[in-house]
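Asker: Chain by chain, the residues:
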Amino acid sequence: MSDSKLGFTPNEMMTIAASRALKNNDVCFVGIGAPSAACNVARLTHAPDITLIYESGTIGTAPNVLPLSIGDGELCDTAVTTVSVPEMFRYWLQGGRISIGFLGAAQLDKFGNINTTVIGDYLHPKTRLPGGGGAPEIATSSKEIYITMAQSKRGMVETIDFYTSFGHGEGGDHRKRLGIETAGPTLLITDLAIWKPDPVTKEFTVVSLHPGVSRAEVQATCGWTVKFTDALEETPAPTALELKTLRDLQARTKAAHAATGKEKAA
Amino acid sequence: MSDSKLGFTPNEMMTIAASRALKNNDVCFVGIGAPSAACNVARLTHAPDITLIYESGTIGTAPNVLPLSIGDGELCDTAVTTVSVPEMFRYWLQGGRISIGFLGAAQLDKFGNINTTVIGDYLHPKTRLPGGGGAPEIATSSKEIYITMAQSKRGMVETIDFYTSFGHGEGGDHRKRLGIETAGPTLLITDLAIWKPDPVTKEFTVVSLHPGVSRAEVQATCGWTVKFTDALEETPAPTALELKTLRDLQARTKAAHAATGKEKAA
Amino acid sequence: MVKFLPLSEAVAWNLNDGDTVAFEGFTHLIPTAAAHEAIRQGFRELTLIRMTPDLIYDQMIGMGMARKIVFSYLGNPGVGLLRRARDAIENGFPRLIEVEEHSHAGMANAYEAGAAGLPCAVFRGYRGAGLAAVNPNIKTVSCPFTGEVLAAVPAIRPDVTFIHAQKADRKGNVLVEGIIGIQKEAVLAAKRAVVTVEEVVDNFDELHPNLTVLPSWTISAISVVPGGSHPSYTHGYYIRDNAAYLEWDEIAADREKFRAWMQKNVMERTADDFAARVEHLRIAA
Amino acid sequence: MVKFLPLSEAVAWNLNDGDTVAFEGFTHLIPTAAAHEAIRQGFRELTLIRMTPDLIYDQMIGMGMARKIVFSYLGNPGVGLLRRARDAIENGFPRLIEVEEHSHAGMANAYEAGAAGLPCAVFRGYRGAGLAAVNPNIKTVSCPFTGEVLAAVPAIRPDVTFIHAQKADRKGNVLVEGIIGIQKEAVLAAKRAVVTVEEVVDNFDELHPNLTVLPSWTISAISVVPGGSHPSYTHGYYIRDNAAYLEWDEIAADREKFRAWMQKNVMERTADDFAARVEHLRIAA
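Residue numbers (the working numbering), protein chains in the order written: chain A, 10 to 275; chain B, 10 to 275; chain C, 19 to 303; chain D, 19 to 303.
Looking at chain A on its own, in the form it has when it is part of the complex (with noise of 0.2 Å):
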């Protein structure tokens, strides 16, 4: 999509609408992607004291260029501390350290549960698609879940084929229902909107239109019949500074990446 209208993209609002989410004593279980571009553009602006966890190990981490795998050196390199998998998962997640974990989606419905696993069958899948990594636990062992995701069709759907990773279930109290304590998914953000679980049946709800964009582009890129607060709110245009912030680190990842080819194609 072109920003020649508003002066950002659906994706750039997406991005900064969940970095300004971020408060400055959050703990950030961070995937790879737009929860990754959030986090260090929450902790390059209004949260410089954010702590930063990629699953590889590495705890407190300032990248100045965005990883492209979650186990890039520069993670390393810049973290207050690099620890072993187990220990990440059992001290770090399991214990209950995370206030945020930051998750995507291959598939998504209503009540915050992902699939990344297949498309189809499990045994005779249609695609297959990389699994949950860490999110199962993530999901469950993180204080709160914030998604992103750019909203299709095929994205946003009714029933997803595979639980990957648990949100709320079928809704309302299932989460407790299993045993899990943890809140689980607190807020979705997409390229077009802010969504929140309803607080008793845990339907996401669409509480915010990014600038621009209107209730029937929600419908119309989503498999689900979206429900909207009453006091629908537009998400405030991102400034000049998370603007500059995020087109910057998207530069220097660019050419970081590029350079380990060059002497090849050359």
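Just so you know, these hints were derived from the structure itself, not from any lab. None of these values were measured; they are calculated from a predicted model. All residues carry an ideal CB built from backbone N, CA and C; glycine is no exception. There may be inaccurate statements among the hints.
[Claimed, not checked] Derived lysine to any residue pairs resembling SDA-like cross-links, with alpha carbons at most 20 Å apart:
1. 189(C) <-> 34(B)
2. 209(C) <-> 38(C)
3. 152(B) <-> 235(C)
4. 152(A) <-> 97(D)
5. 189(C) <-> 33(B)
6. 189(C) <-> 86(B)
[What the hints assert, rightly or not] Some residues of chain C that are not near chain D, with every Cβ distance over 10 Å (derived):
7. 33
8. 115
9. 142
10. 157
11. 220
12. 283
13. 290
For chain A, the structure is supplied; the task is to place chains B, C and D on it using the hints.
Answerer: Same frame as chain A, but now just chains B, C and D:
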């Protein structure tokens, strides 16, 4: 005891006999006292590559002076690596990587069961001893157990007051019946003799008397009726090198430990 | 006792058809040279264990070497899917492979239990997750004090583990540093372990005491292979070849392109070729 | 967020009568200054947890502060018995204390489980050992795959943990090095954690990435107390005062001698006195 007659003390003979039982490729879990001296004499004589592990986390250590505690700085300074205590007990001991666990005893019975916990009743002890520390799992996770202690009727008893660590239990296949797959005590070295368990009954049997020691002396300082093997041997006396190595080590140790008190005394 | 061997000998001596094998490395220190040597030697019917199978298992699966794969993230990290693994799972090409899938927490705990000599790992996991229903190796135990139901998975105990590390000393102790991942556990959990290193140094006397050092007696064989983790990286030696990961996505997308690439870049090469591949990625001293 | 406080304030703010508290340190880095401050402030009815209770718990028990002690080795390391603890257990002087006794493996696993947020630890332990019969907190679970019966103990979760460490940076991150013992687990398992350090440095930028660093947000308070682990030692700063351990055996042997020593060396002193006690033990730079 004096060393005037034989040129060495019974304790020196015990330590040196124990050191000889160790092989160059052994991995020893070392306790403080005689075991520590024996292991280091082995390292300084016939087993230069022996791996010494102290439960404080120091792996492959080569102290120049004997540590007073299992966590003296000397152990860390000279170790190949120093790990946390949970890792020590999980990966290194429970992981089955220890060939020889070295234990001492306040009370010992003829089946190699050891008490270092209480004299008297557990809940209302006559004497509260330090307890087991690492011993309960050293005794079951090490491939073999070597025991060293000075003989006395109070120490070598028919029935111990508390099973701090399990040897051969009531003898025979008692270990197997409890699901313990390691060999347990295979060697007892006292200040008077070398003992090995009977292959069937597992009762400790004297296989070698130290130079100048009689059967009567062994029996007089032991609380159970002692069995002697038919082919009873005499332990070779310490060599000049063994004695010098042990005495130099103890002299260095004494000087180093006394040094810390100097300014206080002044 | 550990032996210093050429990689071809180390692999031939330690790996067998039908083995359960882990080539571990969590994005960092991936033992690519060892995997390529295994491919050249043509082992079959392997059970491949790894948290993040990555390019090397995509290659081994694409070459038909795997009977089964045990994993927790079957992706090209930061890029997307593993297309040879997909082709095997979706289409049975070049052969069908059995899949045992866990979460990262499940695999990390299972390796830890393997290193710790336990039969299983116990942790808080898989709650509400679909894997618990499709993987019979995910069970539960109850805490005898609180009654809380916890997840249990069998310990991982590979026949042989391959890792890449920074350096060995002359006695055969091995230093792993940076993002250390699961490598220590993978080595200690295995019956045999082979380590490729960037270099051998006289001794480790100057090392900090708390670094991750594998004592020589925990390792079967060490092979010196500079650049041996390319296109992954070795902290302190060379950076990750991100371009190669992006490029792999195209190579693996096509069966013929894949075969041709493997022929040229693996089958007709040796471990000695890795050093040149990282020349332009070396960290300025 | 972590606060830098004088030790008296850090102790007063974080410790309460009736708390379950761990002053940890495995021979190395024993938080003596913090324990002495707790003694001066006169806390009561404490449950004292520690693998190796050592001199400081002998002192706290002797002063009647403990309701219960949880331990795995009740000795003066390398010297012998802890005579004040013995007097309490054998004779109820100055008061009876409850005893919960484990093996080192049991305690280490229980701390690990506490740090890992689990309700219990599962390991292979206590087989044939008498403790399993006298400690109701030693139970079993069966491996759901092999049927093997394993030991289980409840996780340790102290209200507050005190440790001593080498240094903090200005942000409040803490470095522990050398024999690191169980300190990281004891801190992460606790609701609150207080650390005494030898010194504060500007930053940890030059530290190796794999050292044991506790991030600032895992700690409640940091107090700078040079010499704060005497007569234990601090790797890199000063050596163990072995003579003081030998001396303690005589002091603790006699009730009156003990009281007099405590009055003179603890009650009438402050944390500032520790620096002078290690002057003659400092490592030559």
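Asker: With reference to the structure, classify each hint as holding or not holding.
Answerer: Now the hints, each set against the structure:
1. 189(C) <-> 34(B): Within the cut-off at roughly 13 Å; holds.
2. 209(C) <-> 38(C): holds (10 Å)
3. 152(B) <-> 235(C): holds (16 Å)
4. 152(A) <-> 97(D): Outside the cut-off at roughly 47 Å; violated.
5. 189(C) <-> 33(B): holds (14 Å)
6. 189(C) <-> 86(B): holds (18 Å)
7. 33: holds (26 Å)
8. 115: It holds; residue 115(C) is separated from chain D by about 23 Å at its closest Cβ, greater than 10 Å.
9. 142: Violated, because the least Cβ-Cβ distance between residue 142(C) and chain D comes to about 7 Å, which does not exceed 10 Å.
10. 157: Residue 157(C) is in fact no farther than 10 Å from some Cβ atom of chain D, at 4 Å.
11. 220: holds (20 Å)
12. 283: The assertion about residue 283(C) holds, with a minimum of 32 Å to chain D.
13. 290: holds (30 Å)
The structure is inconsistent with the numbered hints 4, 9 and 10, although it conforms to all the rest.
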